[in-house]
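Here is how the chains run, residue by residue.
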Amino acid sequence: MQAALALPILAVCAKAGAAEVGEIGISTLGYKERGLMRVIEPVLWGRAQIAEVWEVQASAAVDIITGASPELVTNVSGRPVQSITGASVVDHRTTGDIKVTRRFGDLALSASHAQSNEEDYHSKAYGLEGRVDLDRKRTTLTAGLGHSDDHVGSSIDPTLDAARRTNEYLFGVTQVLSPLAVVQSSLAVSRGKGWYNDPYKLTLTFYPDQAIPVLAGDRRPDHRDTVSWLTRLRRHFPQANGTLQADYRYFRDDWGIRAHTLEVAWQQDVGERFAVRPALRYYTQGAADFYSPVVPRPQPEILSSDQRLGAFGGLSPSLRVTARLEGGLVVEATAGYVVDSRSLRLGGGGSEAFETLRAAYGLVSVSHTF
Amino acid sequence: MTRMRMAIALAAMAAAAAGGCAPVAPYQRGYLARPDMALEESAGTAKALEKTFAAKEAASGGGSVGGGGCGCN
Amino acid sequence: MRALAAFLLFALPGAAAAVEPGKPMPSVSAPQLEAPSAPLALGSFRGSVVYVDFWASWCVPCRISMPALEGMYRKYRGLGLRVVGVNKDVARADAERFLKRVGVSFPLVADGDDAVARAFDVQAMPSGYLVDRRGIVRYVHRGFTDETASALAAEIELLLKEGA
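Protein chains in written order, with our numbering: chain A, 15 to 384; chain B, 154 to 226; chain C, -10 to 153.
Derived from the structure by calculation, the hints contain no laboratory data.
These figures come from a predicted structure and were not determined experimentally.
Hints should not be assumed to be uniformly reliable.
As the list claims (entries may be wrong) - Pairs of lysine-lysine residues, derived as DSSO-like cross-links and limited to a Cα-Cα distance of at most 30 Å, are as follows:
id, chain 1, residue 1, chain 2, residue 2
1, A, Lys113, A, Lys138
2, B, Lys209, A, Lys151
3, A, Lys138, A, Lys207
4, A, Lys151, C, Lys12
5, C, Lys89, A, Lys151
As the list claims (entries may be wrong) - One-sided and incomplete, this derived list gives chain B residues near chain C with beta-carbon spacing under 7 Å:
id, residue
6, Ala175
7, Pro179
8, Tyr184
Backbone N, C-alpha and C define an ideal beta-carbon position, used for all residues, glycine too.
Sequences are here, hints too, so could you generate the full structure?
In structure tokens:
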């Protein structure tokens, strides 16, 4: 078992509807999984309105990942299982992003830039977004474009320097349904080309009629097109002093993966200062066409035994407590648990080699509105 | 229950939860301004938690563009 | 779009007539924000020039309008100006949080049931109605910018010169 949780910090933006000038926040996420612990360091996050028409948002984070990642799927024991071959490692990832928005009456235009860097992976992304308020702000239309350039390396193969480019397109509608309810639905399409293989994952398969096993690397297609449709609902119940929050996302890509995500939460006001939010998130995904925990014969060109491309389902309950203190200070603490397993897949048919994942996480954040 | 029926049941529940449509005057935005009624991704909590799940799942994306990739191994 | 909306509002039975320059100010009363059992009647300001301002903690331009109105209230109060802030927050705590940052000395009323906003047929937030000494609405301001502040100051001075 890994050592006790360290608590690095990640900044948090507590988005409020009230007319504040800016916010600054800091938060910590601790994530612990059997064999892998992930820690995120503080981010100086800030959001400020300047001269009534400009808004700037920025954040930066450092992830410190400690532990080992499953690298090999082998059926030496008779059935395919994941096994960890490498020693425990410490990985740093730093991320930063900035977004600048300019209002022109009912129209707002934004430009954003984000970067993510770690030893074996670098990503630079750019985004443009336009938002227009219609019908006295009862309807809002959003359109966005994004582009990212990723470079993938490998700490075990210094000669690897592969590139990947992705273009994203987004269109969304936000509609106020009543003084108590609002809904948003957005469609995001992405087209990517380049390197998708995981340089650390291998499949080692033994056959009953063959003495020598086959060792295959992770080989994925050189392109990936995805469609993601996200719908969110917020409905306040004044008599109960609570708000229902529901999010549903449908995902599909041209690798054959179909996934559904549903998260339902109830935010309950407790007195004037506190709120409690229990939530439940359910996830289900189907396997990629080229996912297989054993190497088929004849060996295909495209193959991956990465169980993140397999068929499984996941359930994650969580609880969040929020305290609004004097002077615009907000303190929030969230605790959650994640179980991913083949038996949780909607409709059954989870991948036989899928190893159940169990993890717990905790997030504490402090933000100040001014 | 077939998937189609489940989808219809979910949609019906969502419609019921939404409570129907009603006209909203420009001065009736008090409840909508509550923090728990916000729809946008907040820069911190939601992003951190999304990364937590995105590192273990094949699905990604949703509400925004230009967020960059994650070299999640 | 606004004309169409206004037309539809007229067409709906029971809709309030739009309160525009030339129309009398609706005679409504509302509970005071800090003293809910003591209602304030807008009609009681007859004889003074009144600015009825609809504001809320979630209204972004109100961060400018409220201090500007406080300034005007202090400057012209002795000459006969009255200001009434009609609050559109759903919870008093939200209004109080806003007032901690932007304190004002003019009377404030709470319009939780939307009776006052409906009577004035408020179309935007913030909205301000400048009423002369005879109780007739003379100027309406929707939204608030620095230009609104200077225009309003000129209008107030004009109306203060008029007799009751």
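(request) Hints the structure violates: just list their numbers, smallest first. (result) Those not satisfied are hints 2 and 6.
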